[in-house]
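In order, the protein sequence lines correspond to chains B and H. Throughout the first sequence, residue numbering follows the UniProt record's numbering, covering 1 to 420 in sequence. Throughout the second sequence, residue numbering follows the UniProt record's numbering, covering 1 to 241 in sequence.
Among the hints, a few may not be true.
From the derived model, a few chain B residues whose C-beta atoms are all more than 10 Å from chain H [unchecked claim]:
(1) E167
(2) L263
(3) G279
FRET-style restraints, in silico, Cβ to Cβ [what the hints assert, rightly or not]:
(4) H:K132 <-> B:G295: 26 to 34 Å
(5) H:G31 <-> B:T334: 35 to 43 Å
(6) H:N56 <-> B:F26: 38 to 46 Å
(7) H:A136 <-> B:W7: 30 to 38 Å
It is worth saying that the hints were derived from the structure and are not from the lab. Built from N, CA and C at the ideal position, the CB exists for glycine as well.
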Amino acid sequence: MFDLDLWKEILSALKQNRMRSFMTAFGVFWGIFMLVIMSGAGRALQNGVLDGVRAFATNSAFFWTERTSVPYEGFQRGRRWNYDNQDLEYIRSNVAEIEYLSPRLFGWQQDGDNTVRGERTGVFNIYGDYPDYFKIDQWTTLKGRLMNEIDVMQKRKVCFIGERVVETMFDKDEDPIGQYLKLSGVYFQVVGVIHPETRINIGGGKKEETIIIPFTTMQTAYNYGNIIHFFSVTARKGYSVSSLQEKLKKILKERHQIAPDDLQAVGSFNIEAQFIKFGKLFTGIQVLTWIVGVGTLFAGIIGVSNIMLIIIKERTQEIGIQRAIGATPGKIMTHIVAESVFLTLMAGYIGLSLGVFILAMLNKFLESQGDELFFRNPQIDLRMALSALAILVISGVFAGLIPAKRAISIKPIDALRDEG
Amino acid sequence: MIKLNDIHKSYAMGSSKLHVLKGIDLDIHQGEFVSIMGSSGSGKSTLLNILGILDNYDQGSYHLGGKLISNMSEKKAARLRNEMVGFVFQSFNLISFKNAMENVALPLYYKGVNRKKRNLMAMEYLDRLGLKDWAAHMPNELSGGQKQRVAIARALISQPKILLADEPTGALDTTTSYEVMAILQEINQAGITVIIVTHEHDIASMTKKVVRLKDGLIDEVIVNGELADFSSQYAREIQSV
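Start from the sequences, fold in the hints, and give me the full structure.
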């Protein structure tokens with residue numbers, strides 16, 4: 001029921017003490033504002049980081065080789081070694097938990113320009129990969145096609161290039177598809193222009209400066225023999241990638257005469273563990289945000305309650321009069337609680353709106369900065385906004401309840417006698 | 001109308017107890033105009049508060065309009081006050097941020113009368129007390145006499161059976177006091193029981209019955225015919241002191 005007189009009284013009570021009402025409301029405003037801003041910023045960091053890795057298979061692990069650190073079976077420590085094709089065949093046929101397995105070779109980067117086309121030259125990251133690689137670390141095709149099995153089987157001299165390669169090696173309106181690039185002395189035909197979906201980068205450098213060629217072509221054309229520099233695996237559904245990682249380490253150590261207790265020789269890395277770490281980090285940020293935000297809000301609400309107590313004190317006589325002429329305690333209580341809720345809700349609403357507005361402005365600014373940033377979409381969701389509002393209403397009621405109880409506990413006769 | 005039987009009331013003052021009313025027996029009938037007198041501390045205001053259901057009593061019984069008033073919930077007491085009793089205070093006790101009309105209309109608001117109707121009624125009562133032109137003024141723009149008249153209008157608007165006035169002329173000069181008393185007499189003639197607390201003999205002498213309290217007991221009751229003597233007796237008292 002809308003009670004015009006109730007609201008008139010509330011407004012006139014607040015208007016009488018503009019400064020005090022404002023200062024009180026500011027506490028709540030600031031609390032909710034901080035909550036929104038911090039939560040939005042935390043969310044933005046999360047969005048930024050997770051967007052960068054979202055398209056990456058979370059159940060993947062990576063392996064590379066390091067020098068051995070323990071002497072074993074007549075070999076001295078510090079031995080250099082490599083994975084080979086037989087390792088992969090063995091793993092493929094003996095480890096059932098694997099879904100995708102993709103070996104990789106790293107091309108030379110150290111000897112200056114490795115890519116030539118006519119008078120243009122450039123240094124790019126050249127990798128030899130299997131088609132499975134694109135299932136672990138996703139890329140989209142901007143032009144042409146993605147690598148397929150036949151490229152690998154027939155050791156085709158084709159390459160897939162990133163946007164920066166196109167910019168450097170071709171004219172602005174030139175179509176790179178079908179053109180040839182000389183990569184470390186061998187000609188490859190460009191069949192695809194690809195764009196990275198993730199920001200996780202194996203091998204360093206910018207992902208847009210990548211040239212990918214079929215693995216088999218690379219092994220043969222550049223005399224790598226049966227060596228493999230690096231490989232990625234993903235675990236089948238229902239299997240833990242961490243235990244798969246341990247199992248593969250053990251197999252590889254046995255196959256290459258490496259001490260079982262050598263912790264250094266088999267380099268590996270497990271995305272799942274990183275994701276869990278990040279997940280914990282973001283949960284931590286959100287929890288912290290709520291603790292600080294709700295704490296600030298709570299301080300604001302105590303302020304409201306405090307001010308309401310003073311208002312009651314000042315209006316003791318007025319309340320006495322009202323009760324003498326027939327106001328019930330319920331009526332007085334409703335009035336005080338409504339006043340408190342109104343004050344909290346107004347302040348909270350302004351805080352919420354301003355917070356969301358600032359986040360929206362920030363978002364606009366960030367979007368104009370491109371997608372290189374690890375800070376994206378600073379927003380709070382509707383559920384969060386609604387729960388903040390619910391907290392406000394509830395806390396407004398509580399802030400009003402104590403003073404209201406106090407107000408009606410004063411007997412009308414004492415209230416009338418109060419000449420303050 | 002009002003029947004008090006052996007009313008006791010004491011206040012706790014820290015550890016000691018202050019026995020204010022020590023057995024008051026008093027009957028007031030419909031349409032009476034009573035003043036309660038007594039030196040300060042004699043318990044006259046306490047008695048008035050008990051009559052107005054603003055305060056409760058410890059012992060005895062109080063019947064108002066045939067109904068026993070004892071240990072009521074605040075809600076019930078508030079409703080009864082609203083229906084039966086109108087209050088006028090020494091310090092007027094108008095609500096400062098409401099204009100004269102809104103102040104007068106307030107009891108009807110608590111009664112649940114809609115805005116239009118109660119404002120109309122408030123104007124009617126203000127008119128009756130000669131304050132129609134002041135309806136939109138705030139309390140601080142009114143003189144003392146005007147404020148008290150607004151307060152009287154507010155007390156009357158809920159059409160109470162009894163009107164209780166605690167030193168209604170205490171803050172007013174003599175001329176204004178007499179004006180206010182004239183209004184109260186007029187109200188009394190309309191059939192409403194009026195009870196005032198005062199310590200001014202000339203004010204008391206304008207009522208039909210004077211109840212003098214002394215140390216929490218009724219010292220004497222002077223009724224209508226003797227009131228003429230009352231003034232002169234009072235004058236002698238002062239001379240002899």
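Which of the stated hints cannot be reconciled with the structure, identified by number in ascending sequence? Failing hints, ascending: 4, 7.
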